[in-house]
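Participant: For the protein sequence lines, the chains are A, B, C and D, in the order given. Be aware that the first sequence starts at 162, since it is given in our numbering, and climbs by one per residue. Be aware that the second sequence starts at 162, since it is given in our numbering, and climbs by one per residue. Be aware that the third sequence starts at 7, since it is given in our numbering, and climbs by one per residue. Be aware that the fourth sequence starts at 7, since it is given in our numbering, and climbs by one per residue.
Errors might be hidden in some of the hints.
Listed next, the in silico BS3-like pairs over lysine-lysine satisfying Cα-Cα at most 25 Å (straight line) [what the hints assert, rightly or not]:
#1 Lys-330(A) with Lys-353(B)
#2 Lys-25(D) with Lys-286(C)
#3 Lys-223(B) with Lys-384(B)
Simulated DEER-style distance windows between Cβ atoms [said to hold, decoys possible]:
#4 Thr-8(D) with Glu-349(B): 34 to 42 Å
#5 Glu-258(C) with Phe-169(D): 17 to 25 Å
#6 Gly-393(A) with Phe-169(D): 26 to 34 Å
#7 Tyr-289(D) with Glu-476(A): 44 to 52 Å
Derived, one-sided and incomplete: chain D residues facing chain A with beta-carbon distance under 8 Å [stated by the list, open to error]:
#8 Gly-49
#9 Met-72
#10 Val-74
#11 Gly-75
#12 Ser-102
#13 Arg-110
#14 Gln-114
#15 Phe-169
#16 Glu-171
#17 Val-246
#18 Pro-247
#19 Val-250
#20 Ala-252
#21 Val-254
Treat the hints as calculated values from the structure; they're not laboratory data. Note that the structure is a prediction, hence the values are computed from the model and not measured. All C-beta atoms, glycine included, are put in the ideal place defined by N, C-alpha and C.
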Amino acid sequence: MGQMEGPSLPDTELLKVLRTMSLGRAVDERCMNLQRQGRLGFYVPMEGQEGAQIGCGWALEKGDWICPAYREMGVALTRGIPLSTILDQLFGNSADLSKGRQMPNHYGWRDHRFVSASSPIGTQIIHAVGLAYASRYKGEKVISVPFFGDGATSSTDFHSGMNFAGVYKAPVVFFCQNNQWAISLPREKQTKSTTLAMKANAYGFPGVQVDGNDFHAVYSAVKDARTRAIRGEGPTLIEAVTYRMGPHSTSDDPRRYRSSQELATWKARDPIERLKEELVTRGALTEADFDKMQEEVRAEVAQAVQQAEKVGPPEPRTLFEDVWARPIPQLQEEIQEFEELLKEGVIRP
Amino acid sequence: MGQMEGPSLPDTELLKVLRTMSLGRAVDERCMNLQRQGRLGFYVPMEGQEGAQIGCGWALEKGDWICPAYREMGVALTRGIPLSTILDQLFGNSADLSKGRQMPNHYGWRDHRFVSASSPIGTQIIHAVGLAYASRYKGEKVISVPFFGDGATSSTDFHSGMNFAGVYKAPVVFFCQNNQWAISLPREKQTKSTTLAMKANAYGFPGVQVDGNDFHAVYSAVKDARTRAIRGEGPTLIEAVTYRMGPHSTSDDPRRYRSSQELATWKARDPIERLKEELVTRGALTEADFDKMQEEVRAEVAQAVQQAEKVGPPEPRTLFEDVWARPIPQLQEEIQEFEELLKEGVIRP
Amino acid sequence: MTDMTLIQGVNRALHQAMKADPDVLCLGEDIGVNGGVFRATEGLQKEFGEARVLDTPLNESGIVGMAVGMALYGLKPVAEIQFLDFIYPAFDQIVSELAKFRYRSGGQFPAHVVLRTPYGGGIRGGLYHSQSTEQLFASTPGLKVVIPSTPADAKGLLLTAIFDEDPVLFLEPKRIYRTATGEVPDGDHRVPFGKARVVREGSDVSVFAYGAMVPLAFQACQVLEKTGIHAELLDLRSLVPLDVEAVVRSVEKTGRAVIVHEAPKFCGFGAELAAILAEKALYSLKAPIVRVTGYDTPFPYSLENLYLPSVDRIGRAIQRTVAAG
Amino acid sequence: MTDMTLIQGVNRALHQAMKADPDVLCLGEDIGVNGGVFRATEGLQKEFGEARVLDTPLNESGIVGMAVGMALYGLKPVAEIQFLDFIYPAFDQIVSELAKFRYRSGGQFPAHVVLRTPYGGGIRGGLYHSQSTEQLFASTPGLKVVIPSTPADAKGLLLTAIFDEDPVLFLEPKRIYRTATGEVPDGDHRVPFGKARVVREGSDVSVFAYGAMVPLAFQACQVLEKTGIHAELLDLRSLVPLDVEAVVRSVEKTGRAVIVHEAPKFCGFGAELAAILAEKALYSLKAPIVRVTGYDTPFPYSLENLYLPSVDRIGRAIQRTVAAG
Ligand SMILES: Cc1ncc(C[n+]2csc(CCOP(=O)(O)OP(=O)(O)O)c2C)c(N)n1
Ligand SMILES: Cc1ncc(C[n+]2csc(CCOP(=O)(O)OP(=O)(O)O)c2C)c(N)n1
Ligand SMILES: [Mg+2]
Ligand SMILES: [Mg+2]
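Chain A on its own, in the form it takes in the complex (with noise of 0.2 Å):
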């Protein structure tokens, strides 16, 4: 695995990214128990994994295009998605751009090249490719890169998506977060093949394993690979190696399926410690400049979760909008007779 010398970036930038992965962790212990309290839905945490999305996140580019799968809050949060924007639509309120159409976690925001995430695992991973390939055609000099699990690399998209894009040659940086469990399978039930990262081979160009807790590893392999994406290289499939922490799910219990001990043993490579240590040795951050940290991340979660909570529903209307371009006469039928529905009290907002 890939391993780094010294540090990638200056510390003052380092110091940025800890505060942003500690940001990620802090929305996460929190939507965990709104869940837990009724006041939200559902909630897909990312805790282990702030290494490697955040690591990833930090070396891409404005216009780099973001195929994510349902876990990658913590690549939003590097592309300047304000927190009141991701909790909009956590709640599916009448702020969230997506108009309350998704389930929690299921980001999108096309200002930010964020593409809209959907349930099916590996879909996106293809689109990555068409997304490269059409930037590529129009002259921009930009990557895609599609965000999936140990688990997406046994999806049929995984393999049409590599395909294509070797055969293609597309800029495209297969960002695979190989965090050992699709819900309750380990990763060594998942695939017999050695590496994750090997599996490039088949589709002739080169993958790349890396320490997913170490936010340098990460960082220096994504920036690699997208250089000799934009040279005209082609792409390159890097496996993040991390854990994740948390459930599966809010719907999940992993206590079913795996060890504490397992859960210590990853607890330990924890890549937000890791990082603090390093900047602590260093002398770029003390103990108390850290709890500071995490104290400011925390209120601003505490304050973004309670302006997204007061926000209502989306309206009634809105359910039909978005379907085609324009409401097509079978649509237009039914949302007549939903407006007098909703005139006879017959259905309640």
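Chain A is fixed; fit chains B, C and D with the ligands onto it per the hints.
Facilitator: Below, chains B, C and D with the ligands without anything else, positioned relative to chain A:
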């Protein structure tokens, strides 16, 4: 590529091999003609791939499962399937065990464990894994062999089949005939992996590339892989490098996309010529013997064609059989209407 | 008889079938150690071992294709798709292979697979954990499509499915997995396909429903009874084979039809019911056939309650249909 | 005006769209050097280059998924699926992604892709080169489904599709690729979606058809004219959006409906037409609604002629419907 030192089988058996290859070639020649004359609806020739197909088929045992694509007539010949049975399928007549339901070349014979082929590319690859798993579960010492082309390595079920086989260590020998073309798409544009064989590494098991026009090389690679599978050592992918000498099918015109020069290069590597030369050189066969063999197989084909052409089409009522095990009400009603239409002469057989 | 939930009915059927027949195997994502994300397969791997209860890699085409291969051999695989919404990567295996194997081989290669999958809305699952798309499968010759709405039917129909000869898509209404409770016969309880269940008899209007819509439609009928409307409610149980006779007979009696399903209206299964009636019971019809369905949009998240047919919406439709003619 | 075949109409539309707009790209199997297995894309790669006319690897999910990605960027990809029968590996990309992108993102990410594909029987293609499964797509909100039956409509509807804002499944009736000939307007000829074409007017019965069934239904109507039956024939042209108004209006006039399609009957598109009529035109109906369709079996090879609706079968159904009431 694997090259054999000496002959893998005694000359008496090699003569049978040569005869089977010649028989296959004769069927192809005849059927291409029949199609041109409008006596056969469609045809898919295997010309040029006799070494690969018959080499593989020869190495298998009676209980092994064949999961063919549409080009596997040569394999069928090695399974002891009578020529007339093959021709009944091609003509879709009332003697066809598949009741004339499928286009020519979509063979299927339960008694020979030769699974009914479909047209969608790649789907049989995963069936082979299920069959292998089931056979092992029931304590049989047999393997499954899915046959597919270079194009099929891009398909969804190549990925699912290879991955599942790796995970379950299923006794499967994946037999890929890389005949350089998927209709008009050359191998180099299908995928950027250096060889197709190496794709196996992505699934944690070995891949072997062999000269598909060398009967011996194919035969021994399959034998080896079969032995490994039976021993419980898991699957193997074999890439048999060969060439499709004819058109993709009778609907195709290869002059649109490939050069006569390429064709000539491969003609010089004809698998039948090659085995014949070997036997002639060794004194096991004379040119005259060979010519006689060709005459014999052609006569055999002519007779079988004559016979199969005489058989009429399937009975109209058979149209409704085998959709479900027994006709369900909606179908019963259609059958009744159909009988009326027949009686009234509105539809005519 | 034992009192249980619908999902326990599913679990009982699987357990019993596996116990009775070593050729019954289960495969799917997270069905082993984890017992399924809804716990439908709870305890099976422990009892029957990893060779018979397979946790699979994440590929639905692989799951169904592997099951097809097992079935070609002669086993009786029961594959779980985690949500109906995730069945589409396997669509080719289902419509091109599973549904057509028997036919294309002239009966030589039947492929009997049961595909179990939770479906439907009402659990705040948004676009991809809520859909009802039964029409996609009901319109494919060669498949059977079965949907229980009670614990007893869950067990009885699933046992019938596992020992049937044809491929069966077994849709489990997840919304009522735990809220539908009731007595379930012990032992080898089988419920035949193609026989609708008369949930209540009535003379004024026929209401057709299945899955999680059955309890809602029942409530609507009960409410209307007080206003003097006697609605007959049929739970279709199996869409393929469909109990055409019961559907037609009911409308011949009542002269009116209201069809309820969660799936979008346009080209939904309700269309087929209406078409059958417009062909076979036209002269009995006193009022236009009305469909109460999900709207022609993807399934929403925040506004799910406005999207799904409700007791009130069903009630209004019945009332209006009776008033119409 | 130029005289041409239906497939030439397709080719003209592609050529014109690519010439007019550099954001139009084509991708698919064998569409480049080979010009498509039916030659629909003949000459395009030569004229517009490999970057705009992409020969793809053999994976339909890849083709559609890549096109979706291009469309997310803002391009106007036209993807060819070699036969409708081979679209199923892409089904997930079509129903879960393409159809739902606009909705799930609140309108932020529309994905406008045209999927062109030959479909239907009559060419002795057996199970996998003959199917009609338009209902699978018509029942998925978010998609449009369009089917031409003349060269002019092939060009005009395809141009509309390419410059539309929604994803369009464009089904080409391959059986009449070369037999349907006629005058086609030169230049930017557009035919709007949602407007049925009245092929012939009549007062006794309404016949609804699309694709390769239109010429057969037309012949049947012509024959019956001589026996005094005046049938009205509508070519639906687009199933989604459907010209509901024209369908209802016609039956209000004639009082009778015969629906013709190649796809199997059960849950086919004809069911939706019948359901619409049973809801909106019930009181106009003098006779049961009849569907003339493919049977509820997979598509056969040797017996294809017995399977497909024929002029005689359509004629008989019309005659009986008129006689019925
Ligand atoms: C096609 C499909 N099948 C099944 C599921 C159910 N499911 C949701 S997440 C998941 C596991 C994904 O694992 P991985 O790709 O490793 O990502 P992670 O959750 O670990 O981030 C499964 C099986 C799904 N969403 N889509
Ligand atoms: C899913 C699917 N897509 C497209 C086709 C059309 N098609 C038939 S054969 C073929 C090429 C197959 O190439 P290969 O796998 O190399 O086999 P070969 O014909 O060379 O033996 C294609 C694209 C198909 N049959 N199935
Ligand atoms: Mg994972
Ligand atoms: Mg090939």
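Participant: Would you mind marking each hint as holding or not holding in the structure?
Facilitator: Now for the hints, and whether the structure bears them out:
1. At most 25 Å may separate the alpha-carbon atoms for a hinted pair to count; Lys-330(A) and Lys-353(B) meet this at roughly 9 Å.
2. The straight-line distance between the Cα atoms of Lys-25(D) and Lys-286(C) is roughly 53 Å, outside the 25 Å bound, and the hint therefore fails.
3. Straight-line distance between C-alpha atoms of Lys-223(B) and Lys-384(B) comes to about 14 Å, which keeps the hinted pair within the 25 Å bound.
4. A beta carbon spacing of about 39 Å between Thr-8(D) and Glu-349(B) agrees with the range 34 to 42 Å that was offered as a hint.
5. Range check, Glu-258(C) to Phe-169(D): Cβ separation about 50 Å, and the 17 to 25 Å hint is violated.
6. Between Gly-393(A) and Phe-169(D) the C-beta distance comes to about 32 Å, which sits within the given range of 26 to 34 Å.
7. Evaluation of the 44 to 52 Å hint for Tyr-289(D) and Glu-476(A) yields a failure: the beta carbon distance comes to about 37 Å.
8. At its closest, the beta carbon of Gly-49(D) sits 21 Å from a beta carbon of chain A; the interface hint therefore is violated under the 8 Å criterion.
9. Look at Met-72(D): its Cβ gets to within about 4 Å of chain A, closer than 8 Å, so that hint holds up.
10. Taken as an interface hint, Val-74(D) checks out: its beta carbon lies about 5 Å from the nearest beta carbon of chain A, inside 8 Å.
11. Checking Gly-75(D) against chain A by beta carbon gives a least distance of about 2 Å; that is within 8 Å, so the hint holds.
12. Against a cut-off of 8 Å between C-beta atoms, the interface hint on Ser-102(D) holds, since the closest Cβ of chain A lies about 5 Å away.
13. Interface hint status for Arg-110(D): upheld, as the beta-carbon distance to the closest one in chain A is roughly 5 Å, under 8 Å.
14. The closest approach between the C-beta of Gln-114(D) and any C-beta of chain A is roughly 4 Å, which is under the 8 Å cut-off, so the hint is satisfied.
15. A hinted interface residue such as Phe-169(D) counts as satisfied when its beta carbon comes closer than 8 Å to some beta carbon of chain A; here the least separation is about 12 Å, so the hint is violated.
16. A cut of 8 Å between beta carbons decides the hint on Glu-171(D): the least distance to chain A is about 4 Å, and the hint holds.
17. Taken as an interface hint, Val-246(D) checks out: its beta carbon lies about 7 Å from the nearest beta carbon of chain A, inside 8 Å.
18. With 8 Å as the threshold, the beta carbon of Pro-247(D) comes within range of chain A, its nearest partner Cβ sitting at about 4 Å, so the hint holds.
19. The interface hint given for Val-250(D) is met, as the beta carbon of that residue sits about 5 Å from the closest beta carbon of chain A, less than 8 Å.
20. A distance limit of 8 Å between C-beta atoms decides the matter here; for Ala-252(D) the minimum to chain A is near 11 Å, and the interface restraint is violated.
21. Taking 8 Å as the C-beta contact cut-off toward chain A, the hint placing Val-254(D) at the interface is violated, the least distance being around 11 Å.
This entry does not satisfy hints 2, 5, 7, 8, 15, 20, 21, going by the numbered hints stated previously.
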